[in-house]
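Following the hints, put chain B in place on chain A, whose structure we already have.
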Amino acid sequence: MNNEKQLSEAESLELITSMIQKVKASYHESGTSAILWGVVVALASFLVYASITFDFTLPIEPFWLVFIAIVPQVYFSIKENKINKVKKLEDAAIDTVWLVYGLSILLLVMYANIAPAISEKFAKQEGWQLIKHYTNGSKADEKIPPFIPSIYSLYILLYTFPTMITGIVKKFKPMIIGGIVSYVLFIVSCYTTFQYDMLIGTVVAIICWLIPGLILRAKYLKQRKSSNV
Amino acid sequence: MLYGIPTFLSGAIMRFMPLKVGGIVCWFLAIATLFITPNYFLLLVALAVVIAWIIPGYLMRKHFKNKTV
Chain A
0 MNNEKQLSEA ESLELITSMI QKVKASYHES GTSAILWGVV VALASFLVYA SITFDFTLPI
60 EPFWLVFIAI VPQVYFSIKE NKINKVKKLE DAAIDTVWLV YGLSILLLVM YANIAPAISE
120 KFAKQEGWQL IKHYTNGSKA DEKIPPFIPS IYSLYILLYT FPTMITGIVK KFKPMIIGGI
180 VSYVLFIVSC YTTFQYDMLI GTVVAIICWL IPGLILRAKY LKQRKSSNV
Chain B
0 MLYGIPTFLS GAIMRFMPLK VGGIVCWFLA IATLFITPNY FLLLVALAVV IAWIIPGYLM
60 RKHFKNKTV
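Line by line, the protein sequences give chains A and B. Position 92 (the first sequence) corresponds to 91 in numbering that gives the first Met the number 0; numbering is contiguous. Position 13 (the second sequence) corresponds to 12 in numbering that gives the first Met the number 0; numbering is contiguous.
Chain A on its own, in the form it takes in the complex:
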């Protein structure tokens, strides 16, 4: 009935070690996802900040880069699922956190694009509109569409959440520190203009993703090297 080979103590230990090594090589633990998100969001935020500061027009919307980053993330996740059949419960939970984060970013993009237009429609129905009025009378009043104040602050708040959870679950200090600093920067961004919100977004992407990602990557490569020796 039972065709399974009985493993010796040494073989069992070797099997457990190899399973742990496989699990440790996950997409999040190798730092790939953090580096990818860090580079893409930092670059996109900085390009917007530079275009406002130095008054030039970008040929494409830089935040499309964020969507481009989702493609390799999905690819790596599928590839990793095929290679690693063994998955810790905490890794499955972290995967769900990043999935929910991606979904929330999409919903926030929807909100930022739809809400002003719909608000304008409701305002029209009620018979009023927003007017920009210069209190010193330097310019004539102009009609403006409804807008969401400091919308990028909401993105900064959302950027922090998967990092904070990953850091706490994995007990990885650089991510916890990055998360705390990013929460402080979120509060700062509530007091700054859109232009500087973009600069803060760049700093947040570097602190909460890129730096912890590079530390994770270095650890992962060191671990892989030592396990191959």
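Just so you know, the hints here were simulated from the structure itself, not pulled from any lab data. Because the structure is a prediction, the values reported are computed rather than measured. For glycine and all other residues, C-beta sits at the position ideal for the given N, C-alpha and C. Warning: the hint list may mix true and false statements.
One side of the interface only, derived from the structure: several residues of chain A facing chain B at Cβ under 10 Å [stated by the list, open to error]:
{"id": "1", "residue": "Ala91"}
{"id": "2", "residue": "Ala92"}
{"id": "3", "residue": "Val96"}
{"id": "4", "residue": "Leu102"}
{"id": "5", "residue": "Ile164"}
Only chain B this time, still in chain A's reference frame:
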């Protein structure tokens, strides 16, 4: 949208379907708020609370009581 995040995550981690459904319903209600006037926002919040927390809470309580008996 923020109500949906912890609800869905708790459902996924605990493998408890009513919480997962509650989280997803919250996200649909978040999209619905874009298309209605602010007068109805609180009505949707009440609906979200019932679907995401109160109903799963009662189901969990029932599940817990059945287990302990």
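Here is how each hint holds up against the structure:
1. The interface hint given for Ala91 of chain A holds, since its Cβ lies 8 Å from the closest Cβ of chain B, which is under the 10 Å cut-off.
2. Nearest Cβ of chain B to the Cβ of Ala92 of chain A: about 5 Å, under the 10 Å cut. The hint holds.
3. Contact between Val96 of chain A and chain B, as hinted, is supported at the beta carbon level, the nearest pair being about 6 Å apart and thus within 10 Å.
4. Evaluation of the Leu102 of chain A hint against chain B yields a held restraint, the C-beta minimum of about 7 Å falling below 10 Å.
5. The interface hint given for Ile164 of chain A holds, since its Cβ lies 8 Å from the closest Cβ of chain B, which is under the 10 Å cut-off.
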